[in-house]
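Chains as they are written, first to last, in my numbering: chain A, 1 to 426; chain B, 1 to 267; chain C, 1 to 112.
Note that these hints are calculated values from the structure, not bench results. Be careful, since some hints might not be right.
To give an idea of the interface, some chain C residues facing chain A are shown, with a C-beta separation under 10 Å as derived from the structure [what the hints assert, rightly or not]:
id: 1; residue: Asn5
id: 2; residue: Asp24
id: 3; residue: Phe55
id: 4; residue: Ser62
id: 5; residue: Arg68
id: 6; residue: Arg92
id: 7; residue: Val93
id: 8; residue: Val94
id: 9; residue: Gly95
id: 10; residue: Val99
id: 11; residue: His103
id: 12; residue: Val105
id: 13; residue: Ser108
Output of the computed footprint for chain A on chain B, the stretches with three or more beta carbons under 8 Å from beta carbons of chain A [unchecked claim]:
id: 14; segment: 14-28
id: 15; segment: 136-143
id: 16; segment: 243-255
For every residue, glycine included, the Cβ atom is placed at its ideal position computed from N, Cα and C.
As a plain string of letters, each chain reads:
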Amino acid sequence: MCRTGQQSDPHDADDEKTSDAAFAALLEDSAEELYECAPCGYLSTLMDGTIAKINTTLLDWLGLNREAVVGRMRFTDLLTVGGRLYHETHFAPLLRMQGEIGGVALEIRKADGVRMPVLASSVVKHGATGEPLLIRTTLFDARDRRAYEEELLRARRAAEEAQRQAEADRARLQDALAALQSSLLPDTLPPIPGMESAAHYRTASPDRLGGDFYDVFRLDAARFVFFLGDVCGKGPQAAAVTSLTRYTLRAAALHDPDPASALTTLNRVLHERYSSGDPRYCTAIFGTLEPDPVTGQVTVHLASGGHPPALVLRADGTADFLPTPGGLLVGILPTARFTPATITLGPGDTLLLYTDGLTEARTGESRTDLYGDEALRAFATDQAGRYPQAVMKALTGLLDSFGDGLDDDTALLALGVPASGSREPA
Amino acid sequence: MDVQRRNNVTVTGNPHGPTVVLAHGFGCDQNMWRLTVPALVKDYRVVLFDYVGSGRSDLSAFSETRYASLAGYAQDVVDVCDVLDLRGVVFVGHSVSAMIGVLAAQMAPERIGALVMVAPSPRYIDDEGYRGGFSAEDIEELLDSMELNYLGWSAAMAPVIMGNAERPELGEELANSFCATDPAMARVFARTTFLSDSRQDLNKVSVPTLVLDCTQDAIAPREVGAYVHQAIPGSTLLTLDATGHCPHMSAPEATNEAITGFLAGLR
Amino acid sequence: MSPLNIEVRDAPIGPVLEVIGELDYDTSAELRHLLAALPLKPGQRLVLDLARMEFCDSSGISALIAARNHAQSAGADIALAAVPANTLRVLRVVGLDQVFPLHPVAESAIEP
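One chain only, chain A, in its complex shape:
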């Protein structure tokens, strides 16, 4: 064991001479003493690892005699098996390559079998001609540090696991949202004899279920039903209302396809379902299409419940809103009035329905700089006479151009009668 030879206490009494002597004794602490009793383990090995010199501190840690170690054991013999593997695969090759290696965590095995974590650093001593002569190694007691590191590792593993879990949960949620969202919209639009149709749906945020909806389906041999609307609010609650709305309108259409009547049914359903608690309502345009195979014209009956007016793009290059004034939001009052309208679409005409995500897209710095009805009408005028697919392509390009300005979901539905004189083929 390492003990100081001096027994005198430097702070003994106020005798300066004693204190000076003690200090001098400290200064005379020999290099040998410093080596043997250093607060770290020292060890010199031949290049093959055979231990040539080892200090008392390390022998004390190991619980071994110098005779049992020097010339008899290799550095790796002091290590645990795992440490030995690490030494052979990492420590030794790196030391060879770099001539030194620092701060490597290893474990030594004491004579009593107890492991002791250490931090090992080694340098290779070279001879005059650069040939490696021996390896000098220091080992620092890392017991406290190791306990702390293991705690850190444990915490890191827990954090990584939590993160994995969170990512998996998030992916599952995204899948569920996507499935739910797709249940709110038709997969494809049915073919309508004598007509072309195109639809587009854009969510403002992939994390949020949209509240916009549209649908087109066959009612009977002669007629088709279409509707498009916007449920107030966003998220799961809005999606639930959207779902209710879509299937209510479908059922109502089968019962009575008169547009005002279908919206009245929806109004009653929504009002009854949501009048207590948080009111939920929507805007919607509902209509029927009746193509005439003889004339090629399509008669459209529609009604609006508080929805922005549809646009009619005519073959002659004009576009105008189809007024449906006074139609009330669907679901806020027990009884509500809906305004019906009827138009005829001839060859080259297209009916365009949209939600206010389009007209309320921000186009400037201020949140009151909105795209607006007039701009949309002007845009539609430029598209008048084109096929619904071409109109839709232009509109999706317009949505793209809004970039971040598109704050809300947008649903678009174009229903048109192709004409031989149209500007593009189908």
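Let chain A serve as the given structure and place chains B and C on it in line with the hints.
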């Protein structure tokens, strides 16, 4: 897929000479061969590479499934041979790479004409009638040692450092950076290496084979070297007077002499 | 900082809520919460003075409807005063101009 970039392939030496492929083992990368390459460059074309997940390979190409078996690593060897259109090469594999070479020779016999197995072991864990030198617990201990030595390297950070070709100085700044790699990938390699059992593949070797073991090797002891030699028909066993598991680093002259002697015998 | 501020004062006919700033998705809950805690007696009139409302989106419209429902369930009346032109246009589109009594200024809305 750019295999040369993915596996950080280096081609050096005599372009007209026969080709020698040097494959590093678990724990480091192609730098391990830097004392071997000078002995070969005059007469041989030398191909070096890093397995995916090691050294300066493209870490984004790593797949935990593919590299959970030695066949995944052997596929790296075959890919490298394919992209360079190498035929009949001498494959020099250190440690686990010796066994990877055995598998690669089975997968693409036309590519590999001879094997040099440096400190090989077909199975590290003791088994009935077989002494590999380790228990399953020992291997878990190694994995722990590795993990502790990666502390401070965040798993996310290491690949950035290693993979950033524009800033090689980042790699230099880190001490002990030669063999630094992503800890998660190193862990997969360690598991695959130390838990594999390729004893059944040894007798399928049909190319000239040199087995090199060391007088003192804690990882692949002499009896394992003898086992490998015995199992491979017609193989040559040479025991190098070297200590440790990396004779090409600790006794480069003897190792190089053994390899070049074998190569000369093939010509 | 919320860009919405609501000032409440009492007129003889009932409470007057002056909505100042932006009534939108982020702020409309404030108006709803304030309404929920607002005492209303049967026969009173709740006046929403929108003269200084700078912006109102669909969530804001929803909050106005919630105000109407709150007044109705208390047996009270509701009126909107000084509706900005943009909002008035939206109210017309959704048919609410027929549901809410509209006044040009708050002074006329608080007359019995």
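Structure-based check of each hint:
Against a cut-off of 10 Å between C-beta atoms, the interface hint on Asn5/C is violated, since the closest Cβ of chain A lies about 17 Å away. Satisfaction of the interface hint for Asp24/C is found here, the shortest Cβ-Cβ separation to chain A being roughly 8 Å, below the 10 Å cut-off. Residue-level restraint check for Phe55/C holds (minimum Cβ-Cβ distance to chain A is 6 Å; threshold 10 Å). For Ser62/C, the shortest C-beta to C-beta distance to chain A is roughly 5 Å, which falls under 10 Å, so the interface hint holds.
This hint holds: Arg68/C has a C-beta 8 Å from the nearest C-beta of chain A, less than the 10 Å allowed. Of the supplied interface hints, the one on Arg92/C holds, with its beta-carbon coming within about 7 Å of a beta-carbon of chain A, less than 10 Å. Checking Val93/C against chain A by beta carbon gives a least distance of about 6 Å; that is within 10 Å, so the hint holds. At a threshold of 10 Å, the smallest CB-CB gap from Val94/C to chain A is about 3 Å, leaving the interface hint in force.
Of the supplied interface hints, the one on Gly95/C holds, with its beta-carbon coming within about 3 Å of a beta-carbon of chain A, less than 10 Å. Among the interface hints, the one on Val99/C holds; its C-beta lies about 7 Å from the nearest C-beta in chain A, closer than the 10 Å criterion. Annotation: interface hint on His103/C violated; nearest CB of chain A at approximately 20 Å, more than 10 Å. Interface restraint check for Val105/C: the shortest CB-CB distance to chain A comes to about 22 Å, outside 10 Å, so the restraint is violated.
The interface hint given for Ser108/C is violated, since its Cβ lies 24 Å from the closest Cβ of chain A, which is over the 10 Å cut-off. Residue count for the segment 14-28 of chain B with a Cβ under 8 Å from a Cβ of chain A: 4. That meets the three needed, and the coverage hint holds. Here the segment 136-143 of chain B counts 6 residues with a CB under 8 Å from a CB of chain A, which clears the bar of 3, and the coverage holds. Taking a C-beta to C-beta cut-off of 8 Å, the segment 243-255 of chain B contributes 6 residues in contact with chain A, enough for the three needed, and the coverage statement holds.
Checked against the numbered hints above, the structure breaks hints 1, 11, 12 and 13 and satisfies the rest.
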